[in-house]
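Undergrad: Modelling step: build the complete structure from the supplied sequences, incorporating the hints.
The lines below spell out each chain.
2 protein chains.
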Amino acid sequence: MSTETVDAFQALADRGRREILMMVAKEKRSINAIAENFDISRPAVSKHIKILQNAGFINIEEKGRERYCVLNQDGFSEVQQWINLFEEYWTAQFRSLENYLATNVPPPKK
Amino acid sequence: MSTETVDAFQALADRGRREILMMVAKEKRSINAIAENFDISRPAVSKHIKILQNAGFINIEEKGRERYCVLNQDGFSEVQQWINLFEEYWTAQFRSLENYLATNVPPPKK
DNA sequence: TTTATATGTAACTTTTTTGTTACGCATTTT
DNA sequence: AAAATGCGTAACAAAAAAGTTACATATAAA
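Chains as they are written, first to last, in the working numbering: chain A, 75 to 184; chain B, 75 to 184.
Hints should not be assumed to be uniformly reliable.
Remember, identical chains collapse to one label, so a pair may be satisfied in a single copy or spanning two.
Said to hold, decoys possible - In silico lysine to aspartate or glutamate, EDC-like type, Cα no more than 20 Å apart, as pairs:
{"hint": "1", "residue 1": "Lys124", "residue 2": "Glu101"}
{"hint": "2", "residue 1": "Lys102", "residue 2": "Glu140"}
{"hint": "3", "residue 1": "Lys124", "residue 2": "Glu140"}
{"hint": "4", "residue 1": "Lys100", "residue 2": "Glu161"}
{"hint": "5", "residue 1": "Lys124", "residue 2": "Glu152"}
{"hint": "6", "residue 1": "Lys124", "residue 2": "Glu162"}
{"hint": "7", "residue 1": "Lys100", "residue 2": "Glu135"}
{"hint": "8", "residue 1": "Lys102", "residue 2": "Asp148"}
{"hint": "9", "residue 1": "Lys137", "residue 2": "Glu101"}
{"hint": "10", "residue 1": "Lys100", "residue 2": "Asp81"}
{"hint": "11", "residue 1": "Lys124", "residue 2": "Asp81"}
Everything labelled a hint here was simulated from the structure, so no lab data went into it.
These figures come from a predicted structure and were not determined experimentally.
TA: See the structure below:
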């Protein structure tokens with residue numbers, strides 16, 4: 075795992091990482107607590123978490139020898155913003171459908 | 075490229091594929107027209123497009139020997155829905171911040 | 001009917017990702 | 001202080017993804 079990924083979409087490409095985010099959304103969890111819920115080894119989970127952290131999806135709260143993961147909105151916003159770039163396209167599509175219906179389909183008689 | 079990917083997030087993991095979507099959002103394009111805008115070979119682009127199609131991001135309109143790519147909302151919706159799963163988390167976060175401010179920070183004197 | 005164009009696909013090679021084990025280093029616990 | 005716990009990281013191995021070239025096929029143009 076090239077743990078230095080910073081790309082939000084690449085970070086989400088892995089099913090396991092998405093599951094980690096779901097888990098952490100339910101409640102703050104330590105790295106080991108997360109690893110217990112997966113089949114893969116703890117070091118592997120550790121790397122996934124680093125990737126998620128670098129991509130801005132989670133923050134780490136250090137507490138003694140434990141490190142708790144909490145969600146970070148940054149990564150989510152980045153994805154959301156990208157999705158929003160297409161907003162214009164869909165509304166244009168919708169308007170052209172609307173227009174088509176208005177000119178080609180007779181209105182329902184009440 | 076294991077062209078059979080169906081996972082929306084995996085489909086978006088590749089920068090080039092995201093760029094293809096942006097291009098197609100601007101205007102309907104044939105496979106070759108898309109390939110001309112990339113450094114990679116046409117067959118590589120062809121595979122990317124198949125992946126995007128399988129993941130529900132684009133539809134193909136066949137027209138003679140050409141194949142035009144147009145956006146398909148399905149893939150985008152899938153991503154959007156996943157992002158929305160975390161809605162609850164952020165509103166809870168917000169409410170707890172609100173609550174903190176209300177109980178710990180004095181109101182500004184007008 | 002030749003020739004050119006648009007595209008798909010198979011067979012590989014190269015790069016990236018993902019995962020593992022082994023080990024090190026703090027911080028708790030006993 | 002000694003043992004146990006929580007975690008990071010280096011050094012691989014295995015698997016998946018991405019790209020290439022070579023070739024096949026169908027449609028359009030000459």
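Undergrad: Should Lys124 paired with Asp81 be assigned to within, between, both, or neither, using CA atoms and 20 Å as the limit?
TA: Cα proximity of Lys124 and Asp81: one copy only (12 Å, versus 23 Å across).
Undergrad: Is it within, between, both, or neither for Lys100 and Glu135, if the alpha carbons may be no more than 20 Å apart?
TA: within (16 Å within a copy, 43 Å between copies)
Undergrad: Measure nothing new, just compare the shortest in-copy and cross-copy C-alpha distances for Lys100 and Glu161 to 20 Å and report within, between, both or neither.
TA: Result: close only across copies, 12 Å inter versus 30 Å intra.
Undergrad: Cα distance capped at 20 Å. Does Lys100 pair with Asp81 within a copy, between copies, both, or neither?
TA: neither (24 Å within a copy, 24 Å between copies)
Undergrad: Classify it for me, Lys124 with Glu152: is the Cα-Cα distance of at most 20 Å met within a copy, between copies, both or neither?
TA: For Lys124 and Glu152, the Cα distance is within 20 Å only inside one copy (18 Å; across copies 25 Å).
Undergrad: Taking 20 Å as the upper bound on the Cα-Cα distance, should Lys102 and Asp148 be classified as within, between, both, or neither?
TA: within (17 Å within a copy, 32 Å between copies)
Undergrad: Please work out whether the CA atoms of Lys137 and Glu101 approach to 20 Å or closer within one copy, between two copies, in both situations, or in neither?
TA: within (16 Å within a copy, 52 Å between copies)
Undergrad: When Cα atoms must be at most 20 Å apart, do Lys102 and Glu140 count as within-copy, between-copy, both, or neither?
TA: The answer is within: 12 Å in one copy meets 20 Å, while 52 Å across copies does not.
Undergrad: Is the C-alpha distance from Lys124 to Glu162 at most 20 Å within one copy, between copies, in both cases, or in neither?
TA: neither (35 Å within a copy, 24 Å between copies)
Undergrad: Between copies, within a copy, both or neither: which fits Lys124 and Glu101 at Cα up to 20 Å?
TA: within (18 Å within a copy, 38 Å between copies)
Undergrad: Pop the pair Lys124 and Glu140 into one bin, within, between, both or neither, using alpha-carbon distances up to 20 Å.
TA: This pair counts as within: shortest intra-copy Cα distance 15 Å, inter-copy 44 Å.
Consistency with the previously given hints fails for numbers 6 and 10, ordered from lowest to highest.
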